[in-house]
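Just need the whole structure built from these sequences, with the hints factored in.
As they're listed, the protein sequences go chains A and B.
Terminal number for the first sequence in the numbering used here: 214, no gaps in between.
Terminal number for the second sequence in the numbering used here: 1367, no gaps in between.
Keep in mind the hints are simulated off the structure, nothing from the lab.
The model shown is predicted, which means the values in this text are computed figures rather than measured ones.
Each hint should be verified, as a subset may be incorrect.
[Unchecked claim] Keeping only pairs whose Cα atoms sit at most 25 Å apart, straight-line, the calculated SDA-like set for lysine to any residue is:
hint	chain 1	residue 1	chain 2	residue 2
1	B	Lys1222	A	Pro178
2	A	Lys155	B	Thr1228
3	A	Lys52	B	Ala1309
[Unchecked claim] To spell it out: a stretch of chain B is covered by chain A in this simulated footprint if at least three of its residues, at any positions, have a beta carbon under 8 Å from a beta carbon of chain A; those stretches are:
hint	region
4	1106-1114
5	1204-1211
[To be verified] Okay, the calculated beta carbon distance ranges per label pair:
hint	chain 1	residue 1	chain 2	residue 2	range
6	A	Gly53	B	Pro1091	41 to 49 Å
7	A	Glu48	B	Gly1312	31 to 39 Å
8	A	Glu7	B	Pro1136	50 to 58 Å
9	A	Glu7	B	Lys1065	56 to 64 Å
10	A	Glu7	B	Ala1135	46 to 54 Å
11	A	Asp14	B	Thr1228	36 to 44 Å
12	A	Lys30	B	Lys1086	54 to 62 Å
13	A	Lys52	B	Gly1330	30 to 38 Å
14	B	Lys1065	A	Gly53	43 to 51 Å
15	B	Arg1296	A	Gln33	54 to 62 Å
16	B	Leu1055	A	Gln33	56 to 64 Å
All C-beta atoms in this analysis are idealised placements derived from N, C-alpha and C, irrespective of residue type, glycine included.
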Amino acid sequence: MSNELLELIMGQSDADEIRHWIENELKNKKDPQMIVDALSRTLMEVGERYEKGELFLSDLMMIGYQASEVAKQLKPHIAKKRTGKRGKIVIGTVGGDIHDIGKNTVIMMLQADGWDVLDLGVDVPAEKFVKAVKEEKPNVLGLSALLTSTMNEMKTVIEALEKNGLREKVKVIVGGRPVTRKISKEIGADGYAEDSVAAIRVVREVTSKRRRVP
Amino acid sequence: MNSKERVLKTLQFEEPDRVPITELDVDVPLMEAITGDSFPYAVSLQTPIITDRSLERKRVDLKLKCYRKIGFDLFPIDLSTPDGWKPRSDPEENMIDLWGRVMKLDKTTKAWVPYSTVFTEPEDYDGFEMPDPEAPGWTFALEHAKKEIAGECALASFIRDPFAHAWEIFTPMKFVLWMHREPGFIRRVIEDITDFNIAIIKQVTEVGVDLVISGGDYCDAKGPMVPTAFFREVIFPNLKKQEEAARRADVKFIKHTDGNINQLLVDLAGIVDGLHSLDPSASVDIGKIKKEYGDRLVLIGNISVDNLAVKGRSDIRDEVRNCIKIASPGGGHILSSSNSWAAGAKLENCLTLVETGRKYGIYPIRL
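Here it is as structure tokens:
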């Protein structure tokens, strides 16, 4: 099943073709969770190919779109089986920055990988991130920035989480054009993703680790 | 030798008295810091938006004052809005530009940034009244700059690449979706915008410019944003048409793009007269390009904009010296950052770029 889905998605088949394939799988009593798992494996494969330079940004965006459509189609079937999602992620572009292309691709990829993603949008003030962490209790908080000038805002959000006693309750990952691994460490993030496929890997990594003990 | 002569000699692959220095643009907050003047109106790097001619004149004057104070050798200026055009707003007070981009105001950089689009489906394009290149007013800022500069420095017209235009006016996701589902439609849009640009190139060269610079990115940090086959089938033939329009007027045509351009270099070297940005943070090696294409491509760059924001003055000094050492000998190199002086860049680093360029860029290069 994994190979068939991989071929359909990598071949950037027509959305209807993929939809019919899933309908058939479900009609044949395939476990929807198995399709979700196949989708996850497909995205990891896509990630590896993108890292190797075998795929272009537009391929990645198209595959992300197709995969998120598959995830949407499967959502009611998964809910019925009560198999649940991987977890919850709150994400947004930090205050002072209104760029969202990278963030939106990351969201599509994460949704396709089975995560429940809450998008706070762009130009999100630190207080709004804090409020969302308090209320939504996500496993991961994703902070995005395109401008070098707004990178410091990521640090402000992390400090605000600390001030509100929430830092140990959520993993923070950062990403965006000016962000590097070094900068992510300096501002106290738990992970850094250089693109949308790396985001899946990093989210899986940080959520599989034990939470830090104060 | 004045700034204009310095740039013109460089464009002919000859060594002037020193390496010319410029920036494609400087964000308004930095221009305000440099000049001490304030400009309380938002601008846009992607599209003309200022309709009030006295404000448009002020915009050009601020940039001129800034470029004179720094001592830049080349003055790039973008298009103005055509006479009589008024922007529309959507219910959330976002602005809709001439091409259907929905723009949001970025308060940090005091700039309007493409955020969304008025186009829901490809069919909407045919019902949308696209701007008329023959309308009067597009060259208002250019004509004002030309009069003020009066030959003291070189003048460039900055236009927008048809691919980048289409990518932004539809939003990246819709562009990609429609490129897959209706490639003929995307091709048609890029051809339409190319026709628009050719008409504009004719006008700006009639005003009198020393070069045309086409803005808009082809690549991200990893490589081309769309498949190379699409570049070769659709984007490059249209790029070539624009270069030919500039060549007919005996004006050099420079392509700006950020990102890792390595896969596109062979094609670009056969089409354009020069490249701007050459971003070292995206694995672009200006020394390697100089060796392979230094006799036919003018290179404009390549001090990392990221370093201007985060590193110290001595790092910038080292980077500029190295850049001059490998890219400047023989001419054909204009020193600049790998994009523009963005609001996040440290002003002291930007000034160090210029100071070091003046000190070590004297021909013959002795580094």
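Next item on the list: Provide an ascending list of the numbers of those earlier hints which the structure does not satisfy.
Entry: Failing hints, ascending: 2, 3, 5, 11.
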